[in-house]
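Visitor: Construct all of the structure, not just a fragment, from the sequences and the given hints.
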Amino acid sequence: MSTVLRPLSRAQTYRNLLYLLIMFPLGIAYFVLLTVGTVLGLGLTVVLVGVPLLIGVILGSRYLSAFERELTNALLNLDIRPPEDAITDETTLWPQIRVRVVARSTWKGIVYLVLKLPLGILVFSLLIASLSVSAGLLLAPFIYTVPSTGIELGIWTIDTLTEAVIAVPIGMIGLITSMSLFNVTARLLGKIALILL
1 MSTVLRPLSR
11 AQTYRNLLYL
21 LIMFPLGIAY
31 FVLLTVGTVL
41 GLGLTVVLVG
51 VPLLIGVILG
61 SRYLSAFERE
71 LTNALLNLDI
81 RPPEDAITDE
91 TTLWPQIRVR
101 VVARSTWKGI
111 VYLVLKLPLG
121 ILVFSLLIAS
131 LSVSAGLLLA
141 PFIYTVPSTG
151 IELGIWTIDT
161 LTEAVIAVPI
171 GMIGLITSMS
181 LFNVTARLLG
191 KIALILL
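Be aware that the sequence shown starts at 1, since it is given in UniProt numbering, and climbs by one per residue.
Keep in mind the hints are simulated off the structure, nothing from the lab.
There may be inaccurate statements among the hints.
Claimed, not checked - Subject to a maximum C-alpha distance of 20 angstroms in a straight line, what follows is the list of computed EDC-like cross-link-like pairs (lysine to aspartate or glutamate): (1) K191 x D79; (2) K191 x E68; (3) K191 x D159; (4) K191 x E70; (5) K108 x D85.
Claimed, not checked - Listed next, with one range per pair, are the computed distances between beta-carbon atoms: (6) V111 x V133: 46 to 52 angstroms; (7) L161 x W107: 57 to 63 angstroms; (8) V39 x E163: 35 to 41 angstroms; (9) T160 x V111: 38 to 44 angstroms; (10) T157 x R187: 33 to 39 angstroms; (11) I87 x G43: 21 to 27 angstroms.
Using N, Cα and C, we set each Cβ at its ideal position, and we do this for glycine too.
Guide: Spelled out as structure tokens, the structure:
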């Protein structure tokens with residue numbers, strides 16, 4: 001029984017859950033910053049202000065990637081090391097900028113930041129749907145009378161106390177299954193982060 005309930009008793013499960021929950025808002029923030037910066041930069045290249053802006057967006061993405069690396073390490077208990085392909089012995093500004101702009105890790109980081117939004121939307125939708133259904137089933141004995149028609153679950157309507165009590169173990173199985181799947185999802189996303197960050 002303890003093996004079955006392990007996903008609910010491990011602290012890492014809740015760190016994984018937090019990581020998955022914040023993917024969506026972070027994905028929106030990264031998408032907006034990168035998109036607005038790139039569009040403005042391209043639009044302003046005519047007056048030469050756009051080139052420094054584009055370079056700023058590219059260099060700024062390195063800081064966002066570093067933040068993501070630290071966040072992923074902290075929440076998913078990983079050890080993703082900073083890339084070393086943007087290190088240079090040059091002391092003047094332009095060679096330092098050039099090395100960072102052309103570094104492979106910069107562009108891999110940008111790909112990761114852009115992927116964060118679609119992956120975040122998918123994960124957030126699945127997470128909210130599965131957790132809300134599981135919670136509804138677990139709380140069925142207390143809430144089945146709140147809507148006058150009972151709790152509608154597609155082909156099953158919970159409108160008696162007996163059905164509500166039967167829903168509780170089904171909700172527990174759903175919650176344990178969901179948490180296990182979210183742990184697997186977090187591990188897969190950690191592998192993606194390991195490759196791209």
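Visitor: Indicate, hint by hint, whether the structure satisfies it.
Guide: Verification of the hints:
1. K191 x D79: Holds - the C-alpha atoms of D79 and K191 are around 11 angstroms apart, at most 20 angstroms.
2. K191 x E68: holds (13 angstroms)
3. K191 x D159: violated (44 angstroms)
4. K191 x E70: Distance of about 14 angstroms is within 20 angstroms: holds.
5. K108 x D85: Since the Cα atoms of K108 and D85 sit roughly 12 angstroms apart, the hinted pair holds (cutoff 20 angstroms).
6. V111 x V133: 46 to 52 angstroms: With a Cβ separation near 33 angstroms, V111 and V133 fall outside 46 to 52 angstroms, so the hint is violated.
7. L161 x W107: 57 to 63 angstroms: holds (59 angstroms)
8. V39 x E163: 35 to 41 angstroms: About 54 angstroms separates the Cβ atoms of V39 and E163, which means 35 to 41 angstroms is violated.
9. T160 x V111: 38 to 44 angstroms: violated (53 angstroms)
10. T157 x R187: 33 to 39 angstroms: Roughly 37 angstroms apart at Cβ, these two residues keep to the hinted range, so it holds.
11. I87 x G43: 21 to 27 angstroms: violated (33 angstroms)
Hints 3, 6, 8, 9 and 11, counting from the list given before, are not met by this structure.
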